[in-house]
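Student: This is what each chain is made of:
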Amino acid sequence: DAGVIQSPRHEVTEMGQEVTLRCKPISGHDYLFWYRQTMMRGLELLIYFNNNVPIDDSGMPEDRFSAKMPNASFSTLKIQPSEPRDSAVYFCASSYLRDSDEAFFGQGTRLTVV
Amino acid sequence: RKEVEQDPGPFNVPEGATVAFNCTYSNSASQSFFWYRQDCRKEPKLLMSVYSSGNEDGRFTAQLNRASQYISLLIRDSKLSDSATYLCVVKVAAGGTSYGKLTFGQGTILTVHP
Numbered sequence: 005d006a007g008v009i010q011s012p013r014h015e016v017t018e019m020g021q022e023v024t025l026r027c028k029p030i031s032g033h034d035y036l037f038w039y040r041q042t043m044m045r046g047l048e049l050l051i052y053f054n055n056n057v058p059i060d061d062s063g064m065p066e067d068r069f070s071a072k073m074p075n076a077s078f079s080t081l082k083i084q085p086s087e088p089r090d091s092a093v094y095f096c097a098s099s100y101l102r103d104s105d106e107a108f109f110g111q112g113t114r115l116t117v118v
Numbered sequence: 005r006k007e008v009e010q011d012p013g014p015f016n017v018p019e020g021a022t023v024a025f026n027c028t029y030s031n032s033a034s035q036s037f038f039w040y041r042q043d044c045r046k047e048p049k050l051l052m053s054v055y056s057s058g059n060e061d062g063r064f065t066a067q068l069n070r071a072s073q074y075i076s077l078l079i080r081d082s083k084l085s086d087s088a089t090y091l092c093v094v095k096v097a098a099g100g101t102s103y104g105k106l107t108f109g110q111g112t113i114l115t116v117h118p
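One line per chain: the protein sequences are U and X, in this order.
Residue numbering for the first sequence follows the working numbering, starting at 5 and increasing by one per position.
Residue numbering for the second sequence follows the working numbering, starting at 5 and increasing by one per position.
You may find that some hints are simply not true.
[Claimed, not checked] Selected chain X positions facing chain U (in silico; Cβ < 10 Å):
id : residue
1  : 5
2  : 14
3  : 15
4  : 20
5  : 24
6  : 29
7  : 47
8  : 48
9  : 49
10 : 50
11 : 63
12 : 70
13 : 74
14 : 93
Since the hints were derived computationally from the structure, they do not count as laboratory data.
The structure presented is a predicted model; accordingly, all values stated were derived computationally and were not measured.
Note that the Cβ used here is the ideal one computed from N, Cα and C, for glycine as well.
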C-alpha cells in the first residue's frame with residue numbers, strides 16, 4: 005500500500021477563495037482523521053470519521069470548514085471562504101478499529117492564505 | 005484544560021544524556037496510549053505504544069500510570085538522530101463517547117547536540 009495520500013502538498017491561495025484538501029486513506033482502515041498543525045496550537049483534531057460517518061466534528065473551528073467522506077477511499081476538507089489565519093499544515097491520518105493500532109499520517113498539505 | 009498536556013520543553017541535551025518526557029491526560033475513557041515522533045517538516049510517525057506494565061524498545065522506555073493519568077517516555081544514551089518533536093497520544097476506548105478519538109499533546113522538542 006502507498007500509505008495515506010494527500011493532495012495537494014502545497015497550496016497558496018488568496019483570502020476569500022475556496023480551498024479543497026484531499027485525502028486517500030490506507031485501504032481497509034476504519035478511521036480517518038483530519039488534523040491541523042500550527043506552531044502556536046500544535047496538532048489539533050478537526051474531525052474524524054468511522055466507516056465514512058463523522059463521529060466528532062467539535063474541533064472544526066467554524067462554519068467555513070466542512071469535511072466529507074463519500075466513500076471508504078476518499079475524504080475532503082473544504083474551507084470557504086479561506087482566511088490568512090487558516091494558514092497551517094493539514095494532516096490526514098487513518099487507522100484500524102482496534103485500540104492498539106497506530107494511526108498512519110499522510111505527508112500533509114501546507115496551506116498558505118495570503 | 006487540554007485533553008493531553010506535555011512538558012513544554014524544549015530540551016537541549018548532549019549526546020549520551022538521558023532525557024525524560026512527561027504527559028498527562030484528562031479523559032478517563034482513554035484506553036490506548038502512544039508516543040509519536042515528528043521530524044522537522046514531516047508527518048508524525050509512531051515511536052512506540054505504551055502498555056500498562058511499561059515497555060521498553062532499545063533505548064526507549066515508556067511508562068503508564070492509569071491512576072494518575074500520566075505517561076512518560078525515557079530516552080537513554082541520546083543520539084543526534086533523536087532530535088525531533090515527541091508527541092504524546094491518547095485514544096478513547098470502546099464504550100466511551102467519541103470511541104476511537106485520537107488526541108495529540110502539544111509535543112516536546114528535543115535537540116541533542118554533540
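Student: Determine which of the earlier numbered hints do not hold for this structure and return their numbers in increasing order.
Tutor: 1, 2, 3, 4, 5, 6, 11, 12, 13
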